[in-house]
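As a plain string of letters, each chain reads:
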Amino acid sequence: MIHVEGLTKFYGLKPAVRDISLDIERGKIVGLLGPNGAGKTTILRILTCFMQPTAGSVTVDGLDCRTQSLEVRKRIGFLPETVPLYTDLSVQAFLGFAGKIKGLNGTDLKREVDRVVADCGLQAHRKRLIKHLSKGLKQRVGLAQALIKDPPLLILDEPTTGLDPAQIIEVRNLIRELGGERTVLLSTHILPEVDQICERVIIVHNGRVRKEDTPGNLARDIQQGLRTILSVDGPEEEVLRSLSGLAGVTGAQPTGRPGEIVVTSAGDEAVRPLMARTVVESGWGLREMRSSELSLEEVFVHLVTEETEQQGESGS
Amino acid sequence: MSGIIGVFRKEITVTFSSPIFYAAGFIFLLISGYFFYSGTAYFSLLSFQAAQNPFLSESLNLTDMVIKPFFGDLAVILLLMLPLLTMRLYAEEKRSGTIELLFTYPVSDGAVLAGKFAATGVVLLVMLAGTVPYMIILESMADLEWGIVASGYLGVILMGASFISLGIFTSSLTENQIVAAVISFGALLLFWAVGWAKSLVGPGLGAVLEHLAIIDHLNAFTQGLIDTRHIVYYGLFILFWLFLTHRFLNSRFWRG
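For the protein sequence lines, the chains are A and B, in the order given.
Using the working numbering, the first residue of the first sequence is number 28, and each one after it goes up by one.
Using the working numbering, the first residue of the second sequence is number 3, and each one after it goes up by one.
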């Protein structure tokens, strides 16, 4: 669906993204993840033909963004980061405008407006002026205008920023439902979001792609061996000493919460019963024991700090 | 085409729901009404005096003394009001970020520009339509030369459209509406007054300046003369600024 090769964009002399290459398959929900200022918005703006790249080629559905911009734009529904809307218009008038400008007429236009209003749950607010809507409803209007004329590719720039937790969940569900046959590319700096909605994650940092994989694989790659968290009633130092002394255990550290210890061990599962037995036989209380996977957050921090370290070394 | 209509409708809805239009329209009608009233009142005073003075009565002419100056007055008021109506066209979209929608919808920059220009043109027509009753009132009391009135309106419409095209250009330059209005007003005033220097700069350049001056081309229309030269002048003026706007918007693709 999207094919990007050697994409570079300079703002003046400052590079925003450097030499990015991507391939996004049809029908996938893909997350573009990175801290603020990583270049996510720049990438999305180039994909939507709002800007043109300094170098490199970008094609959507086999069409070149530079030379066939209008054709590309027909295939894209875009929700910009700031959710810009014509606030003096009513929801109905604004969606009518969006549909008209996308080339719909008469009954087709009316049907499409009805459909996106229903999909985004805006039935009760059709006649209201956009400036009087709450932030969450504005976000839905933004999604609705992107969905008009059923584009095969949805590009959403930070669709949940600034919403309250209930609204965030609503919008996420909406995006997941809308996915279906469509390709969805969304950017975010909120990690759980990608974990919950996306089938693929692309991590962007300092204008470069750092990693690209499924959320699960990303965590597995970085984490080596097993991680087990134990919550033990007992003298912490002794517990630590005896656990790290076990065969197969590569390290044991307190997690920071009282009594909790995280133990890393080489691949073998057999070490876990051994840990439990050691704790119990020493006469300490074993309150809890669970296996732990690296969260996406930890993966992300890991990747980002790894890069800064590398840069630091090469700089010195 | 669908894009032009979409933008046109949106601009009309936004304009007619914004207080700027009502404020500008109100002031426009108030001042033009005042000018019209003082023109006709002065004319009727002279008419009373002419009853005793046959020499004066020969030089009295409704068209020359009321209609012609009235169209000149309309031009001045439009010079003050139209920059206020054009300032938001692109500047507001840039400030609020909706330009990002407009530039990513499947519609060409030219269609957006045409829609905006046409919508503001209609707003101008609505404002001018508000002055037609003055003419009807005059007709009820005197014998009006409707041909001259029509050509006068044509001239004012062409001139107003020229103001609009320059105003759209300045609006595309900035995201600040005040800056857009100020530049547009200044540039229009310069085009208005540029002919005044003709006697100072020698015959060659003087003639150029005279032909550049935007108000001089209106005079023929208010005399009932529809001359192709003047239509071409306004037509070129409009196309020139619309072309510059289009090129400037397009420059986003190659500027850093």
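Worth double-checking, as some hints may not be accurate.
[What the hints assert, rightly or not] List of simulated lysine-lysine pairs, DSSO-like, C-alpha gap at most 27 Å:
#1 41/A with 101/A
#2 154/A with 165/A
#3 200/B with 101/A
#4 101/A with 137/A
#5 137/A with 165/A
#6 176/A with 70/B
#7 162/A with 176/A
#8 176/A with 137/A
#9 162/A with 41/A
#10 162/A with 137/A
#11 70/B with 162/A
#12 137/A with 154/A
#13 165/A with 176/A
#14 96/B with 158/A
#15 96/B with 200/B
#16 176/A with 55/A
#17 101/A with 165/A
#18 41/A with 96/B
#19 165/A with 96/B
#20 96/B with 154/A
[To be verified] Partial pick of chain A residues on the chain B-facing surface, computed with a CB cut under 8 Å:
#21 100
#22 103
#23 113
#24 116
#25 124
#26 130
#27 153
#28 157
#29 158
#30 307
#31 311
Rather than coming from a laboratory, the hints here were simulated on the basis of the structure.
Just so you know, even glycine gets a beta-carbon here, dropped at the ideal spot from N, CA and C.
_Structure-inconsistent hints, enumerated in ascending order_ = Those not satisfied are hints 1, 3, 6, 9, 11, 15, 27, 28, 29, 30, 31.
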